[in-house]
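*Asks:* This is what each chain is made of:
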Amino acid sequence: MKGIGSITDMLVFALIVSVAMTLVLSATGGPTLGNARYAASFSSSFLLTIQNSTADQFGGLEYNLGAFGFDLPSIGSTTKTLRYKTLAELLAEDALLNMKIEVAGNDVQSLRLNEDLDEKLGRFLKSALDEIVGGRFGYRLHACTEPIDVGTARLHFETTVENLAGWSRQAWTESSVVPLPVSGGELLSRVENALGLGPLPVDVDPILEMTLEIWST
Amino acid sequence: MPMSAAGVLLALLVVAMVGHAASLQHQQSMNTADDISASEVRGLYGEVETNISCLLRDSIYRSLWEVSKNADMYSNVYTREHAVEEIASEYFKERLRELSEKYPAHESGIELCVTDNCVHLTLQEVEDGYVLATAELPEGSAVNLTSSNGKLSVKVPLEETRAFVDSRYFLLQERMDEFVQRRGDIGRFWKEMEYIWAWGEAWLEGNVNLSEDRTKGFFQVAWAMHELDSFGSADYLTAAQALVGMETPATEPLVVTPINTVDIERLDGYVDRARDSINCAKALLEMADENISLAKNFANENLENVGLGKIRVALNDSESNACDARDKIMEASAQFSGLLDYLSRESSGDVVMASVYQGLTTRSLDPDCPSLKEQVECGIEGAAEKISAVENLIARTAGGLEVAAAKSSLNQLSTDFRNMKAPLLEEPGPKRYVYVEAYEDDPPREVQRPIPVYIDCKADGSIGGLKVVLRGAKSGFEEMNEFSQQSENDPPSLDIDEDLKNALQQNLLPTWSDRENIYEILPPSPIKSSPGLSVYHELSVDEVKYTREDLVGLLLNSATDSSPATPFPIPFIGITLWWGQWDAEVKLERRPVEEVFDFDNPTLPLANGAGYVHSSLAYRWDVPDETFDARVIVVSTKAFTISTG
Chain V
1 MKGIGSITDM LVFALIVSVA MTLVLSATGG PTLGNARYAA SFSSSFLLTI QNSTADQFGG
61 LEYNLGAFGF DLPSIGSTTK TLRYKTLAEL LAEDALLNMK IEVAGNDVQS LRLNEDLDEK
121 LGRFLKSALD EIVGGRFGYR LHACTEPIDV GTARLHFETT VENLAGWSRQ AWTESSVVPL
181 PVSGGELLSR VENALGLGPL PVDVDPILEM TLEIWST
Chain G
1 MPMSAAGVLL ALLVVAMVGH AASLQHQQSM NTADDISASE VRGLYGEVET NISCLLRDSI
61 YRSLWEVSKN ADMYSNVYTR EHAVEEIASE YFKERLRELS EKYPAHESGI ELCVTDNCVH
121 LTLQEVEDGY VLATAELPEG SAVNLTSSNG KLSVKVPLEE TRAFVDSRYF LLQERMDEFV
181 QRRGDIGRFW KEMEYIWAWG EAWLEGNVNL SEDRTKGFFQ VAWAMHELDS FGSADYLTAA
241 QALVGMETPA TEPLVVTPIN TVDIERLDGY VDRARDSINC AKALLEMADE NISLAKNFAN
301 ENLENVGLGK IRVALNDSES NACDARDKIM EASAQFSGLL DYLSRESSGD VVMASVYQGL
361 TTRSLDPDCP SLKEQVECGI EGAAEKISAV ENLIARTAGG LEVAAAKSSL NQLSTDFRNM
421 KAPLLEEPGP KRYVYVEAYE DDPPREVQRP IPVYIDCKAD GSIGGLKVVL RGAKSGFEEM
481 NEFSQQSEND PPSLDIDEDL KNALQQNLLP TWSDRENIYE ILPPSPIKSS PGLSVYHELS
541 VDEVKYTRED LVGLLLNSAT DSSPATPFPI PFIGITLWWG QWDAEVKLER RPVEEVFDFD
601 NPTLPLANGA GYVHSSLAYR WDVPDETFDA RVIVVSTKAF TISTG
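These protein sequence lines are chains V and G, in that order.
Note that this note's numbering gives residue 47 to position 47 of the first sequence, counting from 1, and the numbers run on in steps of one.
Note that this note's numbering gives residue 277 to position 277 of the second sequence, counting from 1, and the numbers run on in steps of one.
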């Protein structure tokens, strides 16, 4: 009997040590907490990089003025080269230069001289962000402005740049804002003039909001 | 279940370990949360910092645009920069206030507190003329940053922010100052083009047409040339338009050789050597005379003792002197021929030399006025013949010399020789005068200038006559040179840049209204890639006025007729210098506008039409001059008229 009791003690003791080891290991935080901290730190740095890195660091951005895919007549140069603006500033200026008009929930195709900027900036940002991330995470950068509601129509800007191929789980989300290059008052007055409307009782928010999602496996 | 005391102890130990592990886990979670909060707050601060810098840059963009578009309104660079700083400070404050109001709606962790105190803003030039702006934020401004879990909150005072402005304001300012300060070059370029063109017309067509269209074209090209010098580009589209309709492209090169570039020293060299030979001939004839006198003395004083031997020697010497004198005359002839050969050779590539050659060899002043060539050739021939006659006289006397008649023969020889020598050596007065049309100043009037003729035919040929004629030729060359040096411009050194020429020839586009506005969005490509600026100008010529200033022009008192240039006949060398002088005045409709764009940096998001477009910073200046003058003087050896129309 004494021999059986000792064996039982040893078994219970082994069981208790196993449970304790499991608890102690989990107390070190494990991989989940480390990933969260890394993702948070990475997304914060990522946003700061977007706010501070200039286009020149990624080869510069060049686009052409035109409309509906047609070039303007060759009176002067239609090429615009932007080198010293930060990626966030480029997004804010794209938002100002390429505001979309939405009527009854549908985008209206309007004459936009700067539509090439929208297209080229999308590709440029994708390439720049891929370079910054360097394959460590997946990402989705969503930028949008508060819509300007002028009754029948809404003016807004929205764009998304992402690379989520192979990443399945959203690890972190962080947001940031960039002011548009003009004040709300000036933007409103420009909208009123462009649409031929009188003073509108709306408050224009000249802010571009950027939301960055970091994705991991 | 039975359990020993050791088992109980072990169980308690495990419980304690688990408790400790749980405590560690909690602590680590807290640390991670704190790390994330700290990282978040750091990110928020970075965001606020860059956003404030963005606002500063946008404010500078706007104030630069406002000030630069009226750059000439400010008396100097300091007041202009101060205006930029003042305007930008106001915009910056307004935008800061707006941002502080909008932040809570977007970022709950940011509370931007901006006081109403003033913003102190300064501009600084950095490499390549870009701008670095520094703003001291309103005193007492701060930002409260709170992490999303609310556990970390910091208040950071905001003191200073900086922004790099990617527009080369300082470069535009510097280049425009250079353009305005050195705008006298426009007049210089324009004058040179007018001069070259007029010179070419005077020589090639014999008529200088004072054309308003051409002057307008040249003025635009001169303006464009000065723009190119200052900005590395020009408003070539406008200049090209102004050249439309001109007979020949303004940029076609013309080889101009003004009269004052004629190598007078070389021409004088031939004349001087010919004169030296003439002087030698004169001296040799004097020596011949002395030898005849010596022979005469032998005969008169000591004939018995010396015999005819010494007399013959003296006469032979005298004959030899006369022979040498003739040779010297032929040397003078050779030098004059050398002058004509030189001019003839040079004439093939030089119209001025050709006209000098023509003046020396034809009766260009008047059909009754023999040319220098005729006078010199007749003079040489006549003088040589006369010397030959003297030679023959001496030889005849020496050949027929007898002791008995020696005395009388030599006395007769001496008398005859001196009778022949005197007219040969004496400088004759003018044989006759030919009167040609000329003009004199003060008051301007037409006069008949007498041109003396010394040698009409071989019989007039003498050493004295040749001396007078050759001296006259030398002074004629000097007169020509002096007159052209006083009247002619310096040799023009107009060199139109090849790239500008190409731009002027290849950019004939229709004109559009509101070009300035179009250039703001679509500035034309610069001619030179560095410094990369585009240029616009608004230049409308109201009137072009020509005022003749040469004597014929002043007498006619009208610039509308076709009238000859003022002739200045120069005796001996047979050249008439034709002097045309006029003042061309271009009067502009209003003060010209000069504007330059930072082509390489289309960075300003500016309202244009219904939307916004990236535009280049513009720097606009109203040039204070409305009238421009160019005095053109053309001196030609070929007759020409001056007409308008």
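Quick caveat, the hints were computed from the structure, so don't treat them as lab data.
Just so you know, these numbers come straight off a predicted model, no measurement behind them.
Take these hints with a grain of salt, some might be off.
Stated by the list, open to error - Cut-off 30 Å, straight-line C-alpha distance, at most; resulting in silico cross-link-like pairs (DSSO-like, lysine-lysine):
id	chain 1	residue 1	chain 2	residue 2
1	V	100	G	216
2	V	120	G	216
3	G	528	G	216
Said to hold, decoys possible - Listed next, with one range per pair, are the computed distances between beta-carbon atoms:
id	chain 1	residue 1	chain 2	residue 2	range
4	G	153	V	201	31 to 41 Å
5	V	11	G	153	32 to 42 Å
6	G	82	V	83	27 to 37 Å
7	V	201	G	149	46 to 56 Å
8	V	201	G	113	55 to 65 Å
9	G	498	V	151	27 to 37 Å
10	G	94	V	202	16 to 26 Å
11	G	517	V	202	28 to 38 Å
12	G	156	V	150	34 to 44 Å
13	V	131	G	105	54 to 64 Å
14	G	153	V	165	19 to 29 Å
Said to hold, decoys possible - If we take Cβ atoms under 10 Å as the criterion, some of the chain V residues that face chain G in the derived model are:
id	residue
15	5
16	36
17	48
18	58
19	102
20	103
21	104
22	105
23	106
24	118
25	164
26	167
27	202
28	206
29	209
30	216
No residue lacks a Cβ here, since even glycine has one placed at the ideal position from N, Cα and C.
*Asks:* Hint by hint, which ones does this structure get wrong, listed from lowest number up?
*Replies:* Per hint list: 1, 2, 5, 7, 8, 9, 13, 14, 18, 19, 20, 21, 22, 23, 24, 25, 26, 27 and 30 violated.
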